[in-house]
Structures are given as structure tokens and as C-alpha cells.
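*Asks:* Order-wise, the sequence lines are chains A and B.
Yeah, the first sequence ends on 136 if you go by numbering that gives the first Met the number 0, and it's all consecutive.
Yeah, the second sequence ends on 362 if you go by numbering that gives the first Met the number 0, and it's all consecutive.
Source of the hints: derived by calculation from the structure; they are not laboratory data.
Values in this document were obtained by computation on a predicted structure and should not be read as measured data.
Careful, some of the hints might be misleading.
[As the list claims (entries may be wrong)] Pairs of lysine to any residue, SDA-like flavour, derived with a Cα cap of 20 Å:
| no. | chain 1 | residue 1 | chain 2 | residue 2 |
| --- | --- | --- | --- | --- |
| 1 | B | LYS91 | A | PRO32 |
| 2 | B | LYS91 | A | PRO46 |
| 3 | B | LYS335 | A | ILE56 |
| 4 | A | LYS36 | A | ALA22 |
| 5 | B | LYS91 | B | PRO54 |
| 6 | A | LYS36 | B | VAL254 |
| 7 | B | LYS57 | B | MET93 |
| 8 | B | LYS91 | A | VAL23 |
| 9 | A | LYS117 | B | GLY336 |
| 10 | A | LYS117 | A | TYR59 |
| 11 | B | LYS59 | B | ALA320 |
| 12 | B | LYS59 | B | LEU312 |
| 13 | B | LYS335 | A | ARG116 |
| 14 | B | LYS335 | A | GLY98 |
| 15 | B | LYS91 | A | ILE106 |
| 16 | B | LYS335 | A | GLY110 |
| 17 | A | LYS36 | B | ALA142 |
| 18 | A | LYS117 | A | LEU107 |
| 19 | B | LYS91 | A | LYS117 |
| 20 | B | LYS335 | A | ALA62 |
| 21 | B | LYS335 | A | VAL66 |
| 22 | B | LYS91 | A | ALA38 |
| 23 | A | LYS117 | A | PHE65 |
| 24 | B | LYS57 | B | PHE79 |
| 25 | B | LYS57 | B | ARG67 |
| 26 | B | LYS335 | A | VAL104 |
| 27 | B | LYS57 | B | ILE81 |
| 28 | A | LYS36 | B | SER262 |
| 29 | B | LYS59 | B | MET93 |
| 30 | A | LYS36 | B | LYS57 |
| 31 | B | LYS57 | B | ILE40 |
| 32 | A | LYS36 | B | LYS91 |
| 33 | B | LYS59 | B | ARG72 |
| 34 | A | LYS36 | B | ASP105 |
| 35 | B | LYS91 | A | LEU27 |
| 36 | B | LYS335 | A | ILE106 |
| 37 | B | LYS335 | A | TRP115 |
| 38 | B | LYS59 | B | SER262 |
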Amino acid sequence: MNQWIAVGALAFVGLLIPLGMMAVSYLLRPSVPETSKRATYESGEVPTGGTRIRFNIQYYMVALLFVVFDIETVLLFPWAVVYREAVVSEEISLVHALGPMLLFVAILFVGLAWAWRKGAVEWAQNPGQVGAEVDRP
Amino acid sequence: MEVPLEAGDTYLLPERISDLTGLGGFGMAGELLAAFIAAFIVGNLMLAMTGVAGPWAKRKITAAFTDRIAVNRVGPWGLFIIVADAVRLLAKEMIIPENADRPAYDLAPIVVAGSAMLGFAVIPMGSGVQLADPEVGLVYVFAVAGIASIGLVMAGYASANKYSLLGGLRAIAQNIAYEIPLVVTGMSVVLFAGTLQLSEIVAAQSEPLFTIAGVTIPAWYALVNPFAFVLFLAANFAEVGRNPFDTPEAPTEIVAGYQTEYSSVYFVLIYLGEFLHIFLGGAIIATIFLGGPAGPVLPGIVWFIIKIWAVFLLTQWLRSALPRVRIDQLIEIGWKGMLVLSFANLVLTAVIVALIESPGLWG
């Protein structure tokens, strides 16, 4: 039996349970439409402005950094699986088993160090950046 | 009907059900039905544990930590409050904010709750309860556990609420910051086991590590590599958004984060999804660090549930004991601390594995 059938079956059950709960709730719950009940919640105040607000650029910076490191982890997994076998067999030297991975990680850490120096992984701006913002005409 | 198992194969739950009920004789339809029955059993087991017992236990545990009594009126130890709560929550009126982005707003709770369930498909729970055992098991678990991030950011964006938007953004920033340390630390376990198949990882942990006073201590990776265990625990708490890393739904800052505008059954589903994620995290920790379902005397599944609940108890302990970190601290801990430490752990583990397995290589 193909194992992925069971995974698919669990995905189906995982859909069925929320949909079932929604159906039960649909039968049970009342509906009392009132004006301004559906207004956006802003701690009881009258909502002001739109909700598509400007937010911190840092969210994009860390997302970009994540893409790089996520691909790295995907590429490292095959190495992790064969590493032990390679070392036990003693057919290749340790330099050949470990070296390329170290080089690969080192290249990405140069990138991280650069991003670190540029302040991409720092949430609060440093005083210099804040000053530049204030001085801007 | 009896197919001899090859080495490394496990007798999975769908096959067991198909053999027991004779469904195997009905070809494809029988296979599908057996898989569905097995999935239904596992799904409802997890639902009973997380959705039903979880919130009740959370109230009891938190109350014990803060010297209160908590629910005790309805039924023994207040257990029947679960039923009352379920009916109360499902019977609430659904209020949908007028600016909500409809398809995304409705889909988000289903994505959050459904994706959390998927991860349990490959977890070996002992006593033969395991739905599937693919060779890429560990990668599969990490992959499906990550789907919830999409659901959270959908919820945050589609609610058209400033608190929700900030909560969704925080959730995604936190999840991606701690995903790398989580996966890389999990990789250091693969270095020891040499496989991604979860049943094989569990089997590798049954070897004896050392013997003290006649008691053989198994080589659980939490004991073999405690540093990786602590890193993985910390990254896992950030990944499921629990204290001290619960910034995405920090009630004192952004009300309830991405779930601010959700009510009625949608709120239940998001809440359920979060609980399922805590238990999925516990299941992953139990599988790759605590020997899976291994344990003396009691059957495997009981040990497995005990281990999951131990991790859950730890999350509730931290919830009562630790303050929340700020969002800037959270990002800096993730990218500057955890990331570097997890790669250091990976390289160190690789060197240790080489030292243990073939001292000859060192000349």
C-alpha cells in the first residue's frame, strides 16, 4: 500500500473536522445584525484611517535573509543523511566529508555578517539612523 | 494477505486495519477506506488530546502555578466544563468585520487547524499507531508544520484590523527567524541517525548509552546531545508562539494579534490549531530527542502521550514563570544568537560523529 494514501487521508480528515465544526456552529449560532457591530475593532474607539498601514521595513529584511538560509538548510539535508555512512566507510577522508559543508556554511555566514553590520537583523534603529531621519528636509 | 516485511519496514496502522478487517481484499477502494479509518482514528485521538483535554489542563496547570483552584464545579475535577465550553463557543454569534477580505478571512482558520493535523501522519506513536513512514519523514514534518505560518499571515492581513496586521507580521517574522535554528538543530540528530525516516531515528535511540547500577540508559538524543535538545526546545517554543516568545498575540500590546477579529467557530479553529501545534512540537521533540514511544513497563503509546504532555507541561510552566521578550529582542535572539549557535552545534556534532565512528580518520 502506498504510504502517501494515508497522508492524504489524514489531510482529508484535517479538512473534515474544521468543516464539520463550522457546520455544527452554523446550526447552533444566532444572528443578530446590528449597525456598527461589524466595525473594525480598535479598543472601543471609532476606527480611524485605513488598515493597510505602513509598517517596519525590517519585516522584509529578515524575510529576504530567511529565503537564503532556508535554501541552505534544504541543501544541507542530503549531506546530513549520507555523512555518517561516509565517515564510517573511511573511503573518503574527513576533509572531503566535512570540508565542502564548512565552506558552504562559511559563505553564507559572510552574508550574515554583512547583513549584521548593515543592521538588517536589528529591530531598533541606531542613533545615527534616527538622526538621519530627523534631519531629512 | 500477509506480506513479509523487509528490513527497515514498519507495520503501519492502515495495513493493520486492512488486515484485521479484510478490507485488503477489495482492491483500491478497500485500501482507501482502511487509510481513511486509520486517519480518522489518529485525527480524533489528537483532537481529543489537544482540543478537549488541552484547554482544561491549561486552566488547571495555570491555576496550580498561581495558587488558585480553577474549574471544579461541573463533573469530577471540572472535567465536564469541556463540553459546556465547546457548546458555548460553537453557539456564539459570528461577527465578521465589514472590511474583511472574505475568501482569505474564511480560509485562514481552516488552514491553521488543518495543517497542524497533517504533521501527525508520520509520527511513530508506539503500539503500531503510525499512519505512514516515508523516508523523508523528518523533512515532511518540518515542511507541514510551516504551513501554519501562511494561515496566520492570511488571518492577520484579511481581518483588516491594525492589531491583526501587526500580529500576523510578527508571527511570520518570528516563525521564519526560528525556523532555521529549528531545522538545523534537527539536522544534527540526522547526523547521528543517518536517516530521515522517523521510525529509524526512534530505533537508533534504543541502543544503550551506558549502564548505571544495572539500569541501562538508552541513547536518547536528549542525553547524547543535550545542547541540541535545549536549542530545539527554545526554537520550538518560538515556533509555536508560546512564552517567553508569545509576541505575535501579546495581549498587553496588540490585543490578540492575528485572532483579534475572529469570533465563534473561527476563533475555536485558530485556538485549536495553536494547541495542535504545541502538541505537534511536543511529538517532534519526543520522537527525535526523547526516544519516541520507548519506555519500560507501559505500552508505547502511553509513554508517547506522557512525553507529549511533559513538553506541554513545560510550556505551561514557562507561561507562568517567564516574562515576554520584546519584538526587537526576539528578532535579535533569533538571528544573532540561535542561528549562530545552531550552526555551531551542527559543525560540532559532525566532528563528534566523525570522532566516535572512525577515530582512524584523524591519523
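*Asks:* Which hint numbers does the structure go against, in order from smallest to largest?
*Replies:* Hints 2, 4, 7, 14, 15, 17, 19, 29, 30, 31 and 38 contradicted; others consistent.
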